[in-house]
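All chains, please: the whole structure from these sequences, using the hints.
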Amino acid sequence: MWWTRIIIIGLGLIGIFGLPLQAQTKIEVAHWWTSRAEAKAISVIKQAFEQSGDIWVDSGIIGGAGDPMVEILKNRITTGNPPSAVQALIGHHLWQWAERDVLMSLDEIAAIEKWEDTLPPLVVQMIQYEGHYVAVPFNLHRVNWMWTSPEIFKNTKTEVPKTWDEFFVSAEKIQKAGFVPVAMGEEPWQVATLFEAVAIGLGKGDFYQRALIELDLNTIQSEMMIEVFQTMRKIRAYTNKQRQGMTWDRASSMVIKGQAAMQFMGDWAKGEVLAVGLSPGKEIGCFLIPQTQGIFLFVSDTFAMLNHHDPKIQLAQQKLAKMIMQPEIQERFNRYKGSIPVRQDVDLKNFDACGQRAKKDFEWSEKNKTLFPSFAFGLSAIPEIRTVILELINKHFDSDMSAEAAVKKMVALVKAAQ
605 MWWTRIIIIG
615 LGLIGIFGLP
625 LQAQTKIEVA
635 HWWTSRAEAK
645 AISVIKQAFE
655 QSGDIWVDSG
665 IIGGAGDPMV
675 EILKNRITTG
685 NPPSAVQALI
695 GHHLWQWAER
705 DVLMSLDEIA
715 AIEKWEDTLP
725 PLVVQMIQYE
735 GHYVAVPFNL
745 HRVNWMWTSP
755 EIFKNTKTEV
765 PKTWDEFFVS
775 AEKIQKAGFV
785 PVAMGEEPWQ
795 VATLFEAVAI
805 GLGKGDFYQR
815 ALIELDLNTI
825 QSEMMIEVFQ
835 TMRKIRAYTN
845 KQRQGMTWDR
855 ASSMVIKGQA
865 AMQFMGDWAK
875 GEVLAVGLSP
885 GKEIGCFLIP
895 QTQGIFLFVS
905 DTFAMLNHHD
915 PKIQLAQQKL
925 AKMIMQPEIQ
935 ERFNRYKGSI
945 PVRQDVDLKN
955 FDACGQRAKK
965 DFEWSEKNKT
975 LFPSFAFGLS
985 AIPEIRTVIL
995 ELINKHFDSD
1005 MSAEAAVKKM
1015 VALVKAAQ
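Going from the sequence shown to the numbering used here is simple: count from 1 and add 604.
Treat the hints as calculated values from the structure; they're not laboratory data. No experiment lies behind these values; they were computed from the predicted model shown. For glycine and all other residues, C-beta sits at the position ideal for the given N, C-alpha and C. Treat the hints loosely; a few may be bogus.
[As the list claims (entries may be wrong)] Straight-line C-alpha distance at most 20 angstroms; calculated EDC-like pairs for lysine to aspartate or glutamate:
| # | residue 1 | residue 2 |
| --- | --- | --- |
| 1 | K963 | D721 |
| 2 | K838 | D769 |
| 3 | K1013 | E988 |
| 4 | K650 | E827 |
| 5 | K808 | E790 |
| 6 | K916 | D658 |
| 7 | K650 | E675 |
| 8 | K808 | E967 |
| 9 | K926 | D949 |
| 10 | K808 | D965 |
| 11 | K808 | E818 |
| 12 | K630 | D662 |
[What the hints assert, rightly or not] For each label pair, taking beta carbons as the anchor points, the in silico distance ranges come out as:
| # | residue 1 | residue 2 | range |
| --- | --- | --- | --- |
| 13 | Q922 | W968 | 32 to 38 angstroms |
| 14 | H912 | E675 | 36 to 42 angstroms |
| 15 | Q813 | K780 | 37 to 43 angstroms |
| 16 | N954 | T638 | 22 to 28 angstroms |
| 17 | A841 | S647 | 20 to 26 angstroms |
| 18 | Q922 | G735 | 31 to 37 angstroms |
| 19 | A715 | E755 | 22 to 28 angstroms |
| 20 | Q813 | H912 | 37 to 43 angstroms |
| 21 | H912 | A957 | 40 to 46 angstroms |
| 22 | H913 | P754 | 51 to 57 angstroms |
What follows is the structure, given as structure tokens:
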């Protein structure tokens, strides 16, 4: 076509006279969203970013909660080869990067975009370090969900448990009927996700606050903490026998396929339900972990931008930060991810029933002070303490260690870290 030739000639003349077309900027994005639903969610942002004219180099690192990624990034930063953006959970997980002075300040963008007017106050606090914004948040995840197979509960004529006493009655009947009562993987953070829910369910908010946020030694070595470990041991008897090497999404699949009755997991598990075309709240049930009604344990994902001297990369990083906070991006991303938007002004009319309930429960918990940051995901304890306590929780769960011995060991670990 004649007009095609004109375009080609024009482009050639631009190059000849030293006026090249605007070059695309590559940014590398490191994250641990590698499950089916997570990959679909992150693609929303990747596609929007690339449609804006730049290039997204994806560096997905397998490993829930981001623990494997931390060590990889430490090495890359030390050797002077950092990615452009890195996924980080709010709180201590994020602050450990800020402490190294490797994160770009997002203060100017936060002021222009009025983040304080659209984000929950606690999130605003936890994405700042020494008064400066160091990350842009995506979502709000509720940790204390219980996902169920309605078919198994119907076939075994059991009720979905609201208390731990009811759970053990139902789990016994389900197990005798030949089904797995609870699907669970072996990673320490998966066990800790249940542990913190048991702790806040049995001891309520004050106990959780003192024991797992403030790490008060008197509270840790209490009879209530012994009861928490004892309850964990009783639950273990109703989990799948082959847990070795099992990831959280494979455990979710057991519930989805009708092989297991329950999974105690945050609402990223809902993303796996949606990814196979099922409806959360219908084909797969969404309930709260026993005795955590009225409590909202939460975690929030962010992207932090690592310092780069190249002005082009800096502009691309700023563009990505603005893009993440756009209401339409927040809406689409979180529908795939299973979470709810961290922006409080996003309409959830297109979300499933479980997501809409999460939104209402979050607002209620925020108002009634029953909103708590997750210990299992590093929001409430420095990484060093969190790591050793998670290892202890996991060791107790998978051994014959007594509850009393576990509590003594936990006290010793906290003392050593103080």
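Indices of hints not satisfied (ascending): Of the numbered hints, 4, 5, 7, 14, 17, 18, 19 do not hold.
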